[in-house]
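Enquirer: Starting from the known structure of chain Y, fit chain S onto it as the hints suggest.
Sequence lines, in order, name chains Y and S. All letters in the first sequence, in the order written, are residues 1 to 418 by my numbering. All letters in the second sequence, in the order written, are residues 1001 to 1164 by my numbering.
Note that these hints are calculated values from the structure, not bench results. All C-beta atoms in this analysis are idealised placements derived from N, C-alpha and C, irrespective of residue type, glycine included. Hints are not guaranteed to be accurate.
As the list claims (entries may be wrong) - What follows is a set of in silico ranges between Cβ atoms, one per label pair, in the way DEER data are often shown: (1) S:Pro1142 / Y:Lys48: 22 to 30 angstroms; (2) Y:Gly165 / S:Phe1144: 37 to 45 angstroms; (3) Y:Arg241 / S:Pro1142: 36 to 44 angstroms.
Said to hold, decoys possible - Partial selection, computed: residues in chain Y whose CB lies under 7 angstroms from chain S: (4) Ala43; (5) Ser46; (6) Ala50; (7) Ala72; (8) Ser73; (9) Asp121; (10) Ser122; (11) Gly136; (12) Ser139; (13) Asp187; (14) Lys222; (15) Leu362; (16) Gly364.
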Amino acid sequence: MTIAEKILAAHTDAREVTPGDIVKVNVDVALANDITAPLAIKAFESGKQAKPADPDKIVFVLDHFTPNKDIASANQCKMVRDFARRHELEHFFDAGEVGVEHALLPEKGLVLPGDLIIGADSHTCTYGALGAFATGVGSTDLAGAMLTAQAWMKVPESMKFVFKGELLPWVGGKDLILYLIGDIGVDGGLYRVLEIEGPAIDSLDVSGRLTISNMAIEAGAKAGIIRADAKTEAYVKPRARRPYTIYTSDEDARYVSIREYDCSNIEPQVAFPHLPENTRPISEVGEVRIDQVFIGSCTNGRIEDLRVSAEILKGRKVDRGVRCIVMPATPDVFRQAEAEGLIRIFLESGAIIGPPSCGPCLGGHLGILAKGEKALATTNRNFVGRMGDPASEVYLSGPAVAAASAIAGKISSPSEVM
Amino acid sequence: MKIMGRVFRFGDDIDTDAIIPARYLNTSDPEELKKHCMEDADPSFPSKVGKGDIIVAGKNFGCGSSREHAPIAIKACGVSCVIASSFARIFFRNSFNMGLLIFESDEASGEIRESDIVEVDASTGLIKNITTGKQYQARPIPQFMQELIADGGLMEHIIKRGGI
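So here's chain S without its partners, still in its complex pose:
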């Protein structure tokens, strides 16, 4: 599967309070959460972002809370994937469980600029910057997590296989 979108850039250590502030966690409704996505990092983000767009960030994206509302909010905004130099570990797990595509690449994270158009091959992790013509290879996804994705997420995996 190939995805293509316009890039919104963020810096290092984007925390879950920036992705979805706790003051909005009195609901888990994706339609409500998306209105406040990235609000404390860029208040205009929810109004600017469109379907298929891509977030590119620095290191330790999603640090902080375990709230699954964070990947839910990002996905509900229409964001097709997040590329970062590294992800905080709970956010990393949650993204797989929620079906939000994420890719780790230091070079892509460092070189891709705001508003570039980027194409990602979700099955191979090949990232192409259409604007500049440069290509990057994301770090491989562990075999077990590929199985989770293939099964459609953790719950589907458990139901299908009768356990974890």
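If we strip away everything but chain Y, and leave its shape as in the complex, we get:
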């Protein structure tokens, strides 16, 4: 069996599962945010005896439209807050404890190797980077899990991706996953699990791996799993407050396809509007002037991303035509960035520092684009209207290209500004 099949089997009564089976699984974590929790709560309360099966498995994070952007979003948060108090949810993150959910949960040790995690947010697949089976669902599926601590799953087939060779300068997890999506397309992994491995993946820290799994959904995949190794253990061990299990795929595990990539050919990548699959290597981007840069989000808002950005921005100025917004993804990332002097570097370069929030990534608030404007973002989606006006454009890259582009005023490689 593959890692995915083993984790699914371990969460059912069965000893084995086969792709195509529909199985009832026990969930370890059920996550929602301020957009999806209100609908989940409404569905949950339609149950006769609406009591959570296990309140400790529920995680609510008010991260999307917070600090609340308007009255309607404040009302949504209040509904979630009242519910969390009523049911005494321990894992409820509000106010100064809020971080972007998929950066926050790994950091807090709430998601662990071998877990089965569902979340009413499509980027729940992020946790696959820790060797977990994590997938996005809608609010009603989440309500079902709140009520029963279970969910139904169709066992997916797995596709294997092997990244060989050494990474080129300024290439990180974001570039590898953009390259992969550029290869297989936005539905290339539809209904399937992406199992990602190889020496280049081994060489990445946990942060870079979280970036990769985060965007599995942008290839349509159900999960994006990276086998846990010594680096994963070093990351989770001090954080975990319950036991966890590391699974590896069997030698004879079945994959619908196996693809190998040679990293010596993979430059920093940029996804052009309006799909993450429209990727180009930085050397083929051409002249693209930009109005805004956003460094942050569940994809690239961790301390490692801020370090790379600061290395490039240090002693340089953001172009006067660019609004460069930096948002540490969690309070701990913010504290660490402050302690390391990164916040000062950003401020002196002319960047804007925002609070931990999903805001700009989904065109919610704190950095909306006007008609005709272009942004380069370290986020995960560049759909039409994603960050603002339907006639605006979003380009995606890793933090190194984003920081360099903020200085140059156009999409640029770090080597062009350093």
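Expert: What follows is chain S alone, placed relative to chain Y:
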């Protein structure tokens, strides 16, 4: 159950930001959401679409976010069903949970044109293009999901059966 309606066509990879932009997700009220349905793909859609109308799209319909607001908005507009070559998986699940009928057929997706009148037999998945006379068979729905539909959605299924 048979449904009949006029077709609105969309292309491949229609994402959830096109179906209902995130800027409107500060509410989950269907009456508010329907005003902005498909707005970033076709701004005139909410004013043109009527009760019973059918969306026909290409591959990977509903890709992107997990927001259930997407099937809610489509349903609130009066759309009776969506036919596509394929659906993104979270949208697929959500549609069943929300009671929005969806059908997968490459041929129907490829051949049905804007403004055609189409009839769908929801129980068999037989799609008839009344305008052209052509018929298509949608891919079968897994047994478990048929049970979900019969029970009236996931929550009703849990309440009725005491669990998933």
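Enquirer: For the hint on Asp121 of chain Y, does the least C-beta distance to chain S fall short of 7 angstroms?
Expert: The hint holds - Asp121 of chain Y has a Cβ within 7 angstroms of chain S, the shortest such distance being about 6 angstroms.
Enquirer: With chain S as the partner, please determine if Gly136 of chain Y meets the hint condition of a C-beta pair closer than 7 angstroms.
Expert: holds, 4 angstroms
Enquirer: Less than 7 angstroms between beta-carbons is the criterion; does Ala43 of chain Y satisfy it with respect to chain S?
Expert: Holds. Min distance 5 angstroms.
Enquirer: Under the criterion of a CB-CB separation shorter than 7 angstroms, is Ala72 of chain Y in contact with chain S as hinted?
Expert: Since the shortest Cβ distance to chain S is 4 angstroms, the answer is holds.
Enquirer: Under 7 angstroms, Cβ to Cβ, is where Ser73 of chain Y needs to be relative to chain S, so tell me if that hint holds or is violated.
Expert: holds, 4 angstroms
Enquirer: Take the shortest C-beta to C-beta distance between Asp187 of chain Y and chain S; is it under 7 angstroms?
Expert: Given a least distance of 4 angstroms, the restraint on Asp187 of chain Y holds.
Enquirer: Grab the minimum C-beta distance from Ser122 of chain Y to chain S and call the hint holds if it beats 7 angstroms, violated otherwise.
Expert: holds, 4 angstroms
Enquirer: Does the Cβ distance between Pro1142 of chain S and Lys48 of chain Y fall inside 22 to 30 angstroms?
Expert: With Cβ atoms ~27 angstroms apart, the hint holds.
Enquirer: May I ask you to test the interface hint for Lys222 of chain Y with respect to chain S, counting a Cβ-Cβ separation under 7 angstroms as satisfied?
Expert: holds, 6 angstroms
Enquirer: Going by Cβ atoms only, is Ala50 of chain Y closer than 7 angstroms to chain S?
Expert: violated, 10 angstroms
Enquirer: Holds or violated: is there a CB of chain S closer than 7 angstroms to the CB of Leu362 of chain Y?
Expert: holds, 4 angstroms
Enquirer: Is 37 to 45 angstroms right for how far apart the beta carbons of Gly165 of chain Y and Phe1144 of chain S are?
Expert: holds, 43 angstroms
The structure fails to meet hint 6 from the earlier list, while all remaining hints are met.
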